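Build out the structure end to end from the sequences listed, making use of the hints.
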Amino acid sequence: MGKLVPLSGNYAVAYAAKAADVDVVAAYPITPQTAVVEKLAEFVANGELHAEFLHVESEHSALSAVVGASATGARVFTATSAQGLLLMYEIMHIASTMRLPIVMGIATRAISAPINIWCDHSDFMAAADTGWIMFMAVNAQEAHDLVIAAYRIAEDPDVHLPVAVGYDGFIVSHTIEPVNIIEKEEALRYAPKRVTWFTLNPEKPVTMGSLASPEWYYEFRVQLQKALESSAKVITTAFREFKQHFGREYREVDGFYTDDADVILVTMGSTTGTAISYAEEVRKAGLKVGVLNVRLFRPFPEREVLKHIEEAKVVAVIDRALNPGSSFVGPLYSDIAVTAFKKGLDIPITNYVTGLGGRAVLKSHLDTIVKHAYGLIGKRMRDIDTHYAFVGVRE
Amino acid sequence: MSTFTIASIPREELLAPGHRMCQGCGAAIVMRHLLKALGKNIIVAHATGCVEVTTTLYPETAWRVPWIHVAFENAAAVASGIEAALKSLKKKGVLSYEKRVKVVAIGGDGGTVDIGLQALSGMLERGHDVLYVLYDNEAYMNTGIQRSGATPLYAWTTTTPAGSVWRGEWRRKKDIIGIVKAHGVPYVATVNFAYVTDFYAKLRKATEIEGPTFIHAYSPCVPGWRYEPHLTVKIAKLAVQTGIWVNYEIEKGTFRVTTPVPKRLPVEEYLKVQGRFAHLTKEEVETIQKLVDEDVEYINKLAGATVIGPVEKK
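Chains E and U supply the protein sequences, listed in that same order.
Per the working numbering, the first sequence starts with residue 11, numbered consecutively.
Per the working numbering, the second sequence starts with residue -9, numbered consecutively.
Heads up, some of the hints might be wrong.
[To be verified] Label pairs and their in silico Cβ distance ranges:
id : chain 1 : residue 1 : chain 2 : residue 2 : range
1  : E       : 247       : U       : 0         : 43 to 51 Å
2  : U       : 0         : E       : 196       : 49 to 57 Å
3  : U       : 295       : E       : 223       : 51 to 59 Å
4  : E       : 251       : U       : 43        : 39 to 47 Å
5  : U       : 43        : E       : 205       : 26 to 34 Å
6  : E       : 214       : U       : 156       : 45 to 53 Å
7  : E       : 398       : U       : 86        : 53 to 61 Å
[Stated by the list, open to error] Beyond 10 Å from chain U on every Cβ pair, some chain E residues (computed):
id : residue
8  : 52
9  : 126
10 : 312
11 : 332
12 : 397
For the record, the hints were derived by calculation from the structure and aren't laboratory data.
Note that this is a predicted model, so its numbers are computed, not measured.
For each residue, glycine too, the CB sits at the ideal point set by N, CA and C.
In structure tokens:
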């Protein structure tokens, strides 16, 4: 087993990329991601990581460069946040449809305007529908583990998709926690490098990224959808193998006290920890509160989510992001609500948008949410006038 | 300089026929000879543009070398990544190509002097072993002839139309070579396929030199410049003969004109065969002539001799 060391989320992610023995790193500094690139630069500078390190002039070029490197058969890594991710947005779609197994860390941060460097999930959610497999870690250990699992998944011959691992800016990226580090030999035993995708090779020339007319474009996009759907199986396998190799168990979603819960709080990222602690407290006072942590966001694990929510009386979805003007307001809410609707689950499913721009998500906020949710027990969706609320905002 | 002769042009075609480039397309000539000059041991990263869309319509391709297109503004960044991957994988013993593989980025003028300038600057400054080829047809031809930073003075385009207020493009062409040169790269050159041996010699040199090299290729466009398809090479030749285009190279800071023009033709000879300049008045032609005269004076100063001569009186 690896050794336990105190690490920030950013360093945990950098250690994971090092353990995965990445061949090419291209990244551009942005708060709160910066420490990842600094640490990787240090690894390369000290000869601890044998990789080409590209000091690119933008995030757009960072992702473009790793697309080029991945297409040449290299194992690649990049990381970013917020505006950087938005600058990558164009290339994210291209990376996924070109089926390149790129791995990226996202230290989640609010997007401008106003400019704000603190945590929420606006960046992660804006990139959620770009054809990437998307994970959200709850702490530094998970961020470390999921980056290593990401290579196992991305490079699987049945997947060939890029993977993003989100972890909350500052709350996870800058908090130092004990992290069980996976060493290179162990990481490569679990996620060996195997280049089974098409590569740019003068001995076997291929054309990549060609123009597709209406006669062909559609098929490419459908293949992407199917690849994401079928990646679910590989993800499950990769998690099972991860447990065998490293002892830590991961699932697509985690239920805490969901079996008998009246109200289930659905959370992602660091809010999950707060929510579990809150649930434990209020259960002592007789409130049957459960928590569902969504670790895998794309492909959305509908079946796993349903297992946890189908017996609940109210599902309260907490979003740290906002889709202004949409019918669903919070992005996580839309997936949960549609999942429930598809199975005819007619219980109140409500949305609480909170913690934007780094505003702390406190237990008192969760208390407001749970109290509101309790008031809806016994109702059906059609009985509710407003499906969302802002919590912790100035009136 | 040309030790290269017509007879030494390789017979093998690495750009397959059947592509969809226009009849008389200058870029098609650039690509065909570029591939012949560079050979098979290359990997091409291509920016979005005319050549990209006309040579790779799925499920067909005209490229007999490994080729990738990602987006419009990032050919230089993609090429940087490819070069870094080759370097890394070679060091680790994963790749063992017998011959050196040169990475080649290709972009049009829009993809190079405008939207791709930042990525190009990054690539040059980081010193990647990449040859960047700009095929310059002086406007956004792929989207239908809109002006770019490389559009010359007074040229008609669909976004600089000649009307009662506007007289076509009113700004001068961006000095991309000056920008590239400022990065201190080992080799920069202009090429014109009407001078084919010069074209080959420079592309070979740009490939052999280690580090970032840059080729600015003159690339006439039949629909964009509004001329008959059979005139492409003639116009290319006129560009050099009038001094509008100068074939030169800058090798490790040393400037050298490779196609001397002892006596120049008036710019009018070049302008009058192209519909994009059809609206020009006598005064406007004179303005262009004056600016070209100044450019030539500057070139001669750099060369330290009169390599481009005066305009020959009719």
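query = Can we trust that residue 126 of chain E is non-interface, i.e. its beta-carbon lies farther than 10 Å from all of chain U?
reply = Fine: 25 Å to the nearest Cβ keeps residue 126 of chain E off the interface.
query = Falls inside 49 to 57 Å, the C-beta gap from residue 0 of chain U to residue 196 of chain E?
reply = holds (50 Å)
query = Taking the beta carbons of residue 247 of chain E and residue 0 of chain U, is their distance inside 43 to 51 Å?
reply = holds (50 Å)
request  = With respect to the beta-carbon atoms only, verify the hint that residue 43 of chain U and residue 205 of chain E lie 26 to 34 Å apart.
outcome  = Check passed, 29 Å falls within 26 to 34 Å.
inquiry  = Given the hint of 51 to 59 Å, is the C-beta distance from residue 295 of chain U to residue 223 of chain E inside that range or not?
reply    = holds (53 Å)
task = Report holds if the minimum CB distance from residue 397 of chain E to chain U is greater than 10 Å, and violated otherwise.
result = holds (38 Å)
Residue 86 of chain U and residue 398 of chain E - C-beta distance against the hinted 53 to 61 Å = Holds: the Cβ-Cβ distance is about 59 Å, inside 53 to 61 Å.
inquiry  = So residue 52 of chain E supposedly isn't at the interface. Is its beta-carbon more than 10 Å from every beta-carbon in chain U?
reply    = holds (18 Å)
request  = Taking the shortest Cβ-to-Cβ distance between residue 332 of chain E and chain U, state whether it exceeds 10 Å.
outcome  = holds (28 Å)
query = Checking the smallest CB distance to chain U, is residue 312 of chain E really beyond 10 Å?
reply = For residue 312 of chain E, whose nearest Cβ neighbour in chain U is about 32 Å away, the distance exceeds 10 Å, so it holds.
request  = For residue 214 of chain E and residue 156 of chain U, compare the CB-CB distance with the range 45 to 53 Å and indicate the outcome.
outcome  = Given about 51 Å between the Cβ atoms, the range holds.
message = Does the beta carbon distance between residue 251 of chain E and residue 43 of chain U stay inside 39 to 47 Å, or does it fall outside?
response = Because 43 Å falls inside the window, the suggested range holds.
Checked against the numbered hints above, the structure breaks none of them.
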